Amino acid sequence: MRGLLAKRMKFHLLGAFLVSTGAAAIFKFAVAEPRKRAYAEYYKHYDPMKDFKAMKAAGVFESAPPK
Amino acid sequence: MANHSQLTLQDAASPIMEELVQFHDHAMMVALAICSLVLYLLTLVLSEKLSSSTVDAQAIELVWTILPAAVLIALALPSLRILYLMDEVNEPDLTLKAIGHQWYWSYEYTDFKDLTFDSYMTPTTDLPLGHFRLLEVDHRVIVPTESTVRVIVTADDVLHSWAVPSLGVKTDAIPGRLNQTSFLANRVGVFYGQCSEICGANHSFMPIVVESVPLANFESWSSLTSS
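So the sequence lines, in the order shown, correspond to chains A and B. Quick note: the first sequence uses my numbering, first residue 1, plus one each step. Quick note: the second sequence uses my numbering, first residue 1001, plus one each step.
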């Protein structure tokens, strides 16, 4: 039992560090980066007039009724 | 608008809101790291893998002082960056005055002649099919896309707050005071918000709807409405 706490502490502190950075990394690569890419993709080929015409035809706008 | 099961922020419609969404992701990563660390250590303590009768441990005291300070700095720097970005002086293309009343908003486009109107919530009994309950109004705020809009917010009676989450705007409406905010709608669309300061019985029933349209359409709407 000599030095058991120190040994366990060393092992588990490393474990804790890996768990917390792992959780952050999973969030970053599963949520944050795809979200940034999604916004970039959306605006890369964004055509406001095309979007506007589609929404106008659907009757979404008060200032621009479909007909 | 938010859907019924929405847990996250609404899709951003302005550059500032995009920055805020990214900052929220950053802060969420930090919070997740800290919570998973605490949960891991808690599991160890509860399963008796870690216990101690130590009374003095200088090294770990140093670690758990320096590390939280570093985390706080990592949160503060992007936060202050966005704060200063929001405060940037930019020449607005349009100025709009939003006045809170019990229980409706009124809007004044003082850049134009005689363009003022009240905006009341559409009652549920009068709601057309497919429209959103408690969010639609009879007269929407029309703004041009990709143009900086300055909004001057005030109130006529009690405190209100003019908020549109997808544009990243929330500004208190205080009687006797003019508060200024600005936004730029990146894309065409309709953006919903609700009064965000308790103002009486119908506080939940005075929504805000901003409609972003191309400049040409905004100009034809403004000339039609002001005449």
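These aren't lab readings, by the way, just hints derived from the structure by calculation. Quick caveat, the model's predicted, so the values are computed rather than measured. For each residue, glycine too, the CB sits at the ideal point set by N, CA and C. Heads up, some of the hints might be wrong.
Claimed, not checked - List time: in silico DSS-like cross-link candidates among lysine-lysine, alpha-carbon distance up to 30 angstroms:
#1 B:Lys1049 - A:Lys7
#2 A:Lys67 - B:Lys1113
#3 A:Lys36 - B:Lys1049
Said to hold, decoys possible - Just the calculated beta-carbon pair ranges, DEER-fashion:
#4 B:Gln1006 - A:Lys7: 45 to 55 angstroms
#5 B:Phe1023 - A:Lys44: 15 to 25 angstroms
#6 A:Lys44 - B:Gln1006: 20 to 30 angstroms
#7 A:Lys28 - B:Gln1058: 52 to 62 angstroms
#8 A:Tyr43 - B:Gln1058: 47 to 57 angstroms
#9 B:Val1089 - A:Lys7: 54 to 64 angstroms
#10 B:Pro1128 - A:Thr21: 46 to 56 angstroms
#11 B:Gln1058 - A:Lys7: 16 to 26 angstroms
Against the structure, the hints come out as follows:
Straight-line distance between C-alpha atoms of Lys1049 of chain B and Lys7 of chain A comes to about 11 angstroms, which keeps the hinted pair within the 30 angstroms bound. Straight-line distance between C-alpha atoms of Lys67 of chain A and Lys1113 of chain B comes to about 27 angstroms, which keeps the hinted pair within the 30 angstroms bound. Distance check on the hinted pair: Lys36 of chain A and Lys1049 of chain B sit about 41 angstroms apart at the alpha-carbon level, beyond 30 angstroms; violated. The hinted window of 45 to 55 angstroms between Gln1006 of chain B and Lys7 of chain A holds, with their beta carbons roughly 48 angstroms apart.
The hinted range of 15 to 25 angstroms is satisfied by Phe1023 of chain B and Lys44 of chain A, whose Cβ atoms lie roughly 22 angstroms apart. Hint check: Lys44 of chain A to Gln1006 of chain B, Cβ distance near 26 angstroms, so the stated range 20 to 30 angstroms holds. One distance hint, 52 to 62 angstroms for the beta-carbon pair Lys28 of chain A and Gln1058 of chain B, is violated here, with the actual separation near 33 angstroms. A hinted range of 47 to 57 angstroms holds for the C-beta pair Tyr43 of chain A and Gln1058 of chain B, which are about 52 angstroms apart.
For Val1089 of chain B paired with Lys7 of chain A, a C-beta distance near 60 angstroms keeps the hint of 54 to 64 angstroms intact. Against the hinted window of 46 to 56 angstroms, the Cβ-Cβ separation of Pro1128 of chain B and Thr21 of chain A comes to about 52 angstroms, which satisfies the hint. For Gln1058 of chain B and Lys7 of chain A, the hinted distance range of 16 to 26 angstroms is satisfied, since their beta carbons lie about 20 angstroms from each other.
The structure fails to meet hints 3 and 7 from the earlier list, while all remaining hints are met.
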